[in-house]
Amino acid sequence: MLFHTYTFLIFSTILFAALAVFRGFTQRKIVLLAASYVFYMWWNPAFGALVAVSTLVDYAIGLALNRTDEPRKRKALVAISVSAQLGLLMYFKYAGFLAENLFVISRLLGFEGPAPTFNITLPIGISFYTFATLSYSIDIYRKQIPATRSLLDFALFIIFFPHLIAGPIVRAAQLIPQLERPARLTINPSILFLFLGGLIKKTLVADNVAVMADAVYANPEQWPSAMIWLATIAFAVQIYCDFSGYSDMAIAIARALGYELPVNFRHPYFAINPSDFWRRWHITLSLWLKDYLYIPLGGNRHGTLRTYANLTLTMLLGGLWHGASWNFALWGLWHGLLLVAHRAYRQIRERWLGPLQEQSSFLSRTAAKLLMQYCVLISWIMFRVPDAEKMLIALRKFVFFDMNFSLAGIGAGSLFIFSTTLLLSGFAALHFWSYKHNGLHACLARMPLKTTMAACAAAGLALILLWPLQEAPFIYFQF
Amino acid sequence: MTAPLLTDKISAPTIAPDSQPQQPVIQFWVSIALVASVLAGAGAGLLIFLILPIVPNDLERTRTILMALRSPRPELHTVIFGDSVIMNGVDAGELSTERNAAMNLSSSGQTLAESALYYQELPPSVTTVVQSVRLSTLVCPQSREAALKPQAANAFRVYGYKPTPDTLQLLNVLAPAESLTPLKENVLRCAIRARWILRQWLDISARQLLRPDMDMDRAACDLLFPSPFTRPMEPAKLKVKFNWLRRQHEHGRCTLGVNAAQSIAAARKHCERAGRRFILLVAPVHPELDDLYEPSARNELKQAIQSGRFGPPGTVIDATQLLNAGDFYDEEHPGADGAHKLTRFIKQVVNES
Numbered sequence: 105m106l107f108h109t110y111t112f113l114i115f116s117t118i119l120f121a122a123l124a125v126f127r128g129f130t131q132r133k134i135v136l137l138a139a140s141y142v143f144y145m146w147w148n149p150a151f152g153a154l155v156a157v158s159t160l161v162d163y164a165i166g167l168a169l170n171r172t173d174e175p176r177k178r179k180a181l182v183a184i185s186v187s188a189q190l191g192l193l194m195y196f197k198y199a200g201f202l203a204e205n206l207f208v209i210s211r212l213l214g215f216e217g218p219a220p221t222f223n224i225t226l227p228i229g230i231s232f233y234t235f236a237t238l239s240y241s242i243d244i245y246r247k248q249i250p251a252t253r254s255l256l257d258f259a260l261f262i263i264f265f266p267h268l269i270a271g272p273i274v275r276a277a278q279l280i281p282q283l284e285r286p287a288r289l290t291i292n293p294s295i296l297f298l299f300l301g302g303l304i305k306k307t308l309v310a311d312n313v314a315v316m317a318d319a320v321y322a323n324p325e326q327w328p329s330a331m332i333w334l335a336t337i338a339f340a341v342q343i344y345c346d347f348s349g350y351s352d353m354a355i356a357i358a359r360a361l362g363y364e365l366p367v368n369f370r371h372p373y374f375a376i377n378p379s380d381f382w383r384r385w386h387i388t389l390s391l392w393l394k395d396y397l398y399i400p401l402g403g404n405r406h407g408t409l410r411t412y413a414n415l416t417l418t419m420l421l422g423g424l425w426h427g428a429s430w431n432f433a434l435w436g437l438w439h440g441l442l443l444v445a446h447r448a449y450r451q452i453r454e455r456w457l458g459p460l461q462e463q464s465s466f467l468s469r470t471a472a473k474l475l476m477q478y479c480v481l482i483s484w485i486m487f488r489v490p491d492a493e494k495m496l497i498a499l500r501k502f503v504f505f506d507m508n509f510s511l512a513g514i515g516a517g518s519l520f521i522f523s524t525t526l527l528l529s530g531f532a533a534l535h536f537w538s539y540k541h542n543g544l545h546a547c548l549a550r551m552p553l554k555t556t557m558a559a560c561a562a563a564g565l566a567l568i569l570l571w572p573l574q575e576a577p578f579i580y581f582q583f
Numbered sequence: 004m005t006a007p008l009l010t011d012k013i014s015a016p017t018i019a020p021d022s023q024p025q026q027p028v029i030q031f032w033v034s035i036a037l038v039a040s041v042l043a044g045a046g047a048g049l050l051i052f053l054i055l056p057i058v059p060n061d062l063e064r065t066r067t068i069l070m071a072l073r074s075p076r077p078e079l080h081t082v083i084f085g086d087s088v089i090m091n092g093v094d095a096g097e098l099s100t101e102r103n104a105a106m107n108l109s110s111s112g113q114t115l116a117e118s119a120l121y122y123q124e125l126p127p128s129v130t131t132v133v134q135s136v137r138l139s140t141l142v143c144p145q146s147r148e149a150a151l152k153p154q155a156a157n158a159f160r161v162y163g164y165k166p167t168p169d170t171l172q173l174l175n176v177l178a179p180a181e182s183l184t185p186l187k188e189n190v191l192r193c194a195i196r197a198r199w200i201l202r203q204w205l206d207i208s209a210r211q212l213l214r215p216d217m218d219m220d221r222a223a224c225d226l227l228f229p230s231p232f233t234r235p236m237e238p239a240k241l242k243v244k245f246n247w248l249r250r251q252h253e254h255g256r257c258t259l260g261v262n263a264a265q266s267i268a269a270a271r272k273h274c275e276r277a278g279r280r281f282i283l284l285v286a287p288v289h290p291e292l293d294d295l296y297e298p299s300a301r302n303e304l305k306q307a308i309q310s311g312r313f314g315p316p317g318t319v320i321d322a323t324q325l326l327n328a329g330d331f332y333d334e335e336h337p338g339a340d341g342a343h344k345l346t347r348f349i350k351q352v353v354n355e356s
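Which chain is which? The protein sequence lines are A and B, in order.
So that you can map any letter, position 268 of the first sequence is 372 in our numbering, and since no number is skipped, the others follow by simple counting.
So that you can map any letter, position 211 of the second sequence is 214 in our numbering, and since no number is skipped, the others follow by simple counting.
Quick caveat, the hints were computed from the structure, so don't treat them as lab data.
Bear in mind the structure is a predicted one, so any value in this text is a computation, not a measurement.
A hint or two may mislead.
[To be verified] Cut-off 20 Å, straight-line C-alpha distance, at most; resulting in silico cross-link-like pairs (DMTMM-like, lysine to aspartate or glutamate):
(1) Lys244(B) to Asp506(A)
(2) Lys240(B) to Glu216(A)
(3) Lys152(B) to Asp318(A)
(4) Lys244(B) to Glu174(A)
(5) Lys244(B) to Glu216(A)
(6) Lys242(B) to Glu454(A)
(7) Lys242(B) to Asp506(A)
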């Protein structure tokens, strides 16, 4: 069930009606829990049981952790939780990948044997809820939060449908306290604009610019550098609008239900360096990786080289979190190396020129933003093209610009240059405005009613004219 | 009682709830007004569908062809259907005689199923249908979904076309059942599906700037020699294109498809039932691409033509090896010399038979 489908419209109407009928504090949570299970099991009913088992295991371990102060017991309990959750993730997501690679290695070593065949269906959103459950048991182990005694609250924290499938990755400390107090159903213009903005990002921008990105990346060898650039920018916008659009809709739905989810994006394409980028892109994931991987690995506490290694390893694993494929690992590695390069540059610069000044010039900030986005665009090619040969062709054409602007030889019906460029320009203008005004939905909520009604009518017009004919799932659903 | 949360130790992102200065009830009604505005905008958007039939797009040649067939000339005797190879490769003016006019009704990407949609519109004066197909359609495995693209089917509806039961029966042989859906949709669904026209309108405006080598106006309106491709492609680009096509072909084994033979037989029967001669033209292939087709597939095709599998002798024109490399502008479209050669070749067969 996708947020932008009729099915979800019917689902949410029934849910809000049910919540209006059942006004009791616990009753509403039971309704929400049931609705969340329905939402999740819509794809594959069998996987509802998987989430339920994960929930019960971590609930029990949480209570057990609460009851004991003995370090060895606590360590054993958290190890069981982490092994169970990561074990499931490894089985469903990485077993096939590992087997394939072991097979290749064994062939290289001269062993003969049949190729392994794995036909495992990936439970949707498993990476997201696994991280949520992991953070719960680790936080209790670290005594940062207490275990919740309410199974209902814990189960709802895990399966709360707005964040379940594609984040934001919510921590127990953020959601469970909210579940412990009554929530109020809220419909207001700000929520409406947030949802509408997410819907527009997903359906009008992401799904429409995807047509060009898909066409070009299917055969990068056929296209000149200019088209590879345009397709890469199109994909950068597509993935941002797809994912942040989902996050916006998720946050808006949660707010309407009376709960607050964490912010996941803060205009990442205005980042001035790699660290800044990860403070703006998929914020809940980068913070998760920092708190549960980078810092436990030693963070920056064990010297320069170890810090670099920790950064690289964290990002490499972060890349693999997206999917069991080498291109995601490469994408993560690239970002790790960017972080290392940036840290090294800062250290060298500070050593030779003294501490960096906070207020840099407009020109240097713009140059830094452009350089950063150039590196990000390179990373999106790695992310988008799983085929190694095609990826190399696309990267070569992207980096070594061929100055070929002639489009002769391209089929008459396969050009989407102008409409895509127009969409990208429209998006860029709105995005810049949003960046300058600290969010478009908040800005609209402050405007006079007449203006906002006109904006809504324009949005309705755009939706009817540009809504894609074919339903496209969210990119991050596959992770 | 729960213990105090030590959330300060967690670097989770801060949450910024909206400031809500107004009363919730007012806000609720303001929200309702805004939702109503969205719906009003969407409603206004529906009115744009009224102008879609006149908006320029890649498939507007469909309108030109339908209009020509609906206002027939009594001297029109021969029509030629096919894709852009035929648009560039056949000059119907050269094919015409004083009392026997011919029209080139091919269009970009026109498949056999798409051509078949026009059959019902042919005026009674038409006695000969030359139907072109590509060699790849006959001998290489490809998806049946490509037989009738949803956009092409939708374009027919936008231009006021409605298939007869007889046509639908023929299309059931030529294309998968689900691809016929756009032809059977009600007006509203058809209009909603037709939004691709708006996007194409933007894109073809850009193409006119970016592709000076293409004559799109002529491609949309000319019913004799539409010839959208006007000049040869640069050799370096052509080489890249050949290599790409070879790579695309690597995985498929070529063999004469059962479906292709059945489809052609059905189209032939349909035309002959209406009292028309059906001539199958297998379009020319660039000599550089000869190696894409295995010799066995070519032999199979030759045998199939000789044995009459595609129709009686004299009603099948194999032009696959008719043209030289210099007769092509690019990897598939004949140039002016190629078109002259191909037209003369067709004329000979049409007059003989």
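To see whether the hints hold, each was checked on the structure:
1. Lys244(B) to Asp506(A): 17 Å, holds
2. Lys240(B) to Glu216(A): Status violated; Cα separation ~44 Å.
3. Lys152(B) to Asp318(A): 18 Å, holds
4. Lys244(B) to Glu174(A): Answer violated: lysine 244(B) to glutamate 174(A) is near 70 Å, above 20 Å.
5. Lys244(B) to Glu216(A): Not OK: lysine 244(B) and glutamate 216(A) at ~39 Å, beyond 20 Å, violated.
6. Lys242(B) to Glu454(A): 52 Å, violated
7. Lys242(B) to Asp506(A): Holds, at roughly 16 Å.
Hints 2, 4, 5 and 6, counting from the list given before, are not met by this structure.
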